[in-house]
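These are the residues of each chain, in order.
Number of protein chains: 4
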Amino acid sequence: MINVGIVGGTGYTGAELIRILAGHSEVKISAITSRGMTGTPVAEYYPHLRGLVDLQFTDPADQHFPDCDIVFFATPNGTAMKLVPGLLDRGLRIIDLAADFRLKDAEQWRRYYDMPHECPQLLAEAVYGLPEINRTQIKTARLVANPGCYPTAVSLGFLPLLAHNAVDPGSLIADAKSGISGAGRQANAANLFGEVAEDFCAYGVSGHRHLPEIRQTLQIASGGSADLVFVPHRVPMVRGIHATLYARLVDSKLDVQALFEDYYRNEIFVDVLPAGSHPSTGSVRGANYCRLAVHVPQHSGTVVVLAVEDNLVKGAAGQAVQNMNIMFDMEESLGLQQAAIWP
Amino acid sequence: MINVGIVGGTGYTGAELIRILAGHSEVKISAITSRGMTGTPVAEYYPHLRGLVDLQFTDPADQHFPDCDIVFFATPNGTAMKLVPGLLDRGLRIIDLAADFRLKDAEQWRRYYDMPHECPQLLAEAVYGLPEINRTQIKTARLVANPGCYPTAVSLGFLPLLAHNAVDPGSLIADAKSGISGAGRQANAANLFGEVAEDFCAYGVSGHRHLPEIRQTLQIASGGSADLVFVPHRVPMVRGIHATLYARLVDSKLDVQALFEDYYRNEIFVDVLPAGSHPSTGSVRGANYCRLAVHVPQHSGTVVVLAVEDNLVKGAAGQAVQNMNIMFDMEESLGLQQAAIWP
Amino acid sequence: MINVGIVGGTGYTGAELIRILAGHSEVKISAITSRGMTGTPVAEYYPHLRGLVDLQFTDPADQHFPDCDIVFFATPNGTAMKLVPGLLDRGLRIIDLAADFRLKDAEQWRRYYDMPHECPQLLAEAVYGLPEINRTQIKTARLVANPGCYPTAVSLGFLPLLAHNAVDPGSLIADAKSGISGAGRQANAANLFGEVAEDFCAYGVSGHRHLPEIRQTLQIASGGSADLVFVPHRVPMVRGIHATLYARLVDSKLDVQALFEDYYRNEIFVDVLPAGSHPSTGSVRGANYCRLAVHVPQHSGTVVVLAVEDNLVKGAAGQAVQNMNIMFDMEESLGLQQAAIWP
Amino acid sequence: MINVGIVGGTGYTGAELIRILAGHSEVKISAITSRGMTGTPVAEYYPHLRGLVDLQFTDPADQHFPDCDIVFFATPNGTAMKLVPGLLDRGLRIIDLAADFRLKDAEQWRRYYDMPHECPQLLAEAVYGLPEINRTQIKTARLVANPGCYPTAVSLGFLPLLAHNAVDPGSLIADAKSGISGAGRQANAANLFGEVAEDFCAYGVSGHRHLPEIRQTLQIASGGSADLVFVPHRVPMVRGIHATLYARLVDSKLDVQALFEDYYRNEIFVDVLPAGSHPSTGSVRGANYCRLAVHVPQHSGTVVVLAVEDNLVKGAAGQAVQNMNIMFDMEESLGLQQAAIWP
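Protein chains in written order, with the working numbering: chain A, 931 to 1273; chain B, 931 to 1273; chain C, 931 to 1273; chain D, 931 to 1273.
Pulled out of the complex, with its shape left as it was, chain A reads as follows:
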């Protein structure tokens, strides 16, 4: 049994993490902190957890997670970097679901997140928690930087192509669409139901925060340069990311279906659909799968990859639990094998 602490349990990512951990047979949640809700029972704040979680939120200032094996951060960007060094010193292992430890370059972090990094010395040690590429390092990591939601879908979709040098790394386009829960739970007029429902738009075309994170992963995969045009869009739904990826094939005759099936043959949570498929976000709602389909339409020489995930699960809390399972030598799928909720 692993004892788990959670810093920041009131956002969507925190709520999802609690939901998943509450159903994990080898986990005991010992503490969930929240500055604003200290003293309130978690199940009063989140009625969907009534009967399943018995804790009250505690004050993060008082909370040192004395009997925990691992602490998850489900906090806004910039919080974990303040607290992680102290917790590591106490021997705790950490999975940060925010962006604090995802970029290797502190200067780039400062530029995209508008604040200086407070423990740049940990960036080299932090392991980027995408199990499909870093499983071995995750096993022994003290500090895992859980990937962003867009980066997970976009990276998993491009990886087989880049790893095999199958596409021109200067031709990458990621047209990505996300449900609104990806924007978090802050009260913000732009995210009101009245503004989001029956509406669709792009945003951040000039440069989204997830761009350097994706670029970093793709460059490692390609073993050299890789750049992309990344255009995120907001979909009037709560959960789900659909990434539509485009790249110029080096060899337009390549069997891309076989390439993808081979690459992910042993991955339990990456599911390559049969040729001709169109994965839907509904097929992964609440589940930890990333489903992929790959097309080369109209002999165009352009490969089109369709990748879907639940941004709160494989794009956040589910992947974090997958990383925890790896770190503690448990079955990688433990607590994560529920079917998607459909319809």
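Bear in mind the hints are in silico, worked out from the structure with no lab data behind them. All the given hints hold, so there is nothing to weed out.
Sample of chain D residues at the chain B side, in silico, Cβ under 8 Å:
#, residue
1, I1110
2, S1111
3, N1118
4, A1119
5, N1121
6, G1124
7, V1126
8, A1127
The following residues of chain C were derived to be distant from chain A, with all beta-carbon distances above 10 Å:
#, residue
9, R1041
10, C1049
11, K1183
To give an idea of the interface, some chain D residues facing chain B are shown, with a C-beta separation under 7 Å as derived from the structure:
#, residue
12, A1117
13, L1122
14, F1123
15, V1168
Positions of the beta carbon are idealized from the N, C-alpha and C atoms, including for glycine.
Fit chains B, C and D to the given chain A structure using the hints.
Leaving out everything else, chains B, C and D in the frame of chain A:
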């Protein structure tokens, strides 16, 4: 381990039943039939079940469920009554999720479902599968009639009041609202996204099929007469029922909160919220709970009960699995303790 | 041509008022104020108005509406009561879309709106702007209190019954459902898309602010006492109110269909549907109609009225323009005859 | 006053055409046909048109539109081509909102629409009704082929770039997203609310019917070859198309903002937003505008055009009315200047 057969696996109720049973540790699904999809892998038809269900749909005409302990019917009304007698003869136990065995009065069935009943001799034996009132009979039943979605929410909301003669049984009003999945999966222009989204309306005010079923339960509960005005409405969402119930209190000083808490003290899947609460359908999405709150607004002498459930879970497939657990002496909550998916 | 000023143009009600007035052939909008957006072009703030509105928001502190004939308040509750006396003194006529002048009783206002009323001396003069009952007084009014969204639908549904003493005035129940735009545009976590979508709940069962306003209208209509149980609910859609109204008939043989058709025979914006109908909110989206249907289900002695409106149009901005048309002796439907947008 | 006939009034496009024409000051609708609904009042079938349309549906077999000046076809593909020759012979002018006369190449039509063309002799004469490129020919046309919804948005977005040879015509990608009303009103399980809500997916990646139509327009615009990868997606909303367009700039220093503003300077219904904008489909809901924004993100050499329209208005019925206005020498915007409905 129990071997389970499912007749009619392609509708929403069938899909939900498969999802729940696929995660049930003591169940093996042996066969799923579908006339239209015979030969198609279940996980090809339902991509959200990829990796979790390995069967193909089989032809119900060929399917005698030789090694099954129990067969579920998730078929349109009027199908089970043709096949159930033969299956019972072979020693199988049955849970019917359709309406075929819910009404004790065959003549009323004919009137509300527009067809004569084909095995009225079984109506007396069939046990109405609302565990909160019929748990003992369910244990030994050969044939369980799983309640309708509206009747579950409305009955659970009125039961404590009627059982204690706390309200005038001639004053009952049930203003009920359901997500569109309650209408099933038949292609019907009225259920298209374009007609349902951003729209809200009542329907069937002159007399909905669930009315006699609810009335039958309430009359048993009240030990005499009970009638109600029942107005169902369609909500632009997929899952969830919210029943708002009104009745005149006999004694306007009655502590209704205590009454409800006492009545459901030992029920794991009926959750009485603290006084002043407003349960939301989102708090039970994908979960087997019915959550209730009770109010007496403005000293009006009228009690208002708010009851929510997921129409596909506690209102259908989840309750069916709860009944199965009871029938086979398993923990009643086995396979049903997942938290609701929120947001 | 009438010159119009608008105080508070950045909320949903203000935006809708601008949309309707921009298409009104006899209106020129002279000024739109906003404290937060002073100096910003209205069409930059509201891209859906590009090409149709040429003004910038002005500071309400500097704005005395010198060449206006009428000023609309589309402000939060409690703003108009501070400014209206000064504007009336300058000879302007006023329509307030907020609640400031709806209740005749200043003490009740204080209780329900949590602040003392700042010009109680105007409450007697203010005309409640429901044209179907107060058309004559509206014609000459200096100050019109535009009704709330729920009160419009609930009142129009009960009026024919109360005016004819056809129901027991102690038996009234209003089970009302509203799209989320009724909650306004303030950034509030409870109104985020992630909280509202795929969710349905009641709220304010212990006493909603619209209750005394409705009660006041119904009591006048019944010529005596009238009370009601009022339970509002939140629907996962943007626009639309559906009120389901219940009352005990005095004479269960009464021809309620004829009663309603007679009562509203000359009303252009109240549309009584044929017997057996179920009006949908989609049929009035963006239009100024209230559509009604009336049922007496199952010989129950209970009449059920179904009333729909667009909360932002007949429930707010459209009704305000209807009132303006009456005040300035224009065709009552001018600028208001657009069909609903469907689907 | 123009007399108008409509063939096929029961689909979404037909309903929208009736809505717009009912508010057009110079139009009288003389007849609306429907095979299935002959004899039914239009306003009974479509309650949102109550009070605004007084006709009954008539049988198309009996209907020769004797006093009409123009006939609109809002029928499934393949219907207009059967009837248009006879109507032209009787001197009627025609606007076909279906695909029958959009492609110049009858063989390509057969391939993409799975049936032989029945009057290929008219394909050369038919004018493609995109006013922004064919205004002069539309004025005098007997037969106008109203563009498809995707082709309108994609073409308007690429035209300025191709007309100025500003991009590599072999590098075009159109990642397009449409609300579900674009799929029409046929009862089809794939379009049920339960399947569409909270779901997002691509479809038709291997080759959508709108591809040859778009290609035909782009090739004319580029004065030579032009090809594109076209990936349509389904958005869980009713109305709206968002096309995200990608192309490689020939000169990465080109001022694309100025190029677009110049190109559309005199177009009333194409609205180029300021640099840095992200148009949303909500800003054109119910309105005849196509709003565009143009970006060159991260000095990538790739231009990104964002184009939105209401698929039922500028993408169908509104554009048809715009064409009618041109054909009959009326103000091009007559009946089309309503603001979008927001929120």
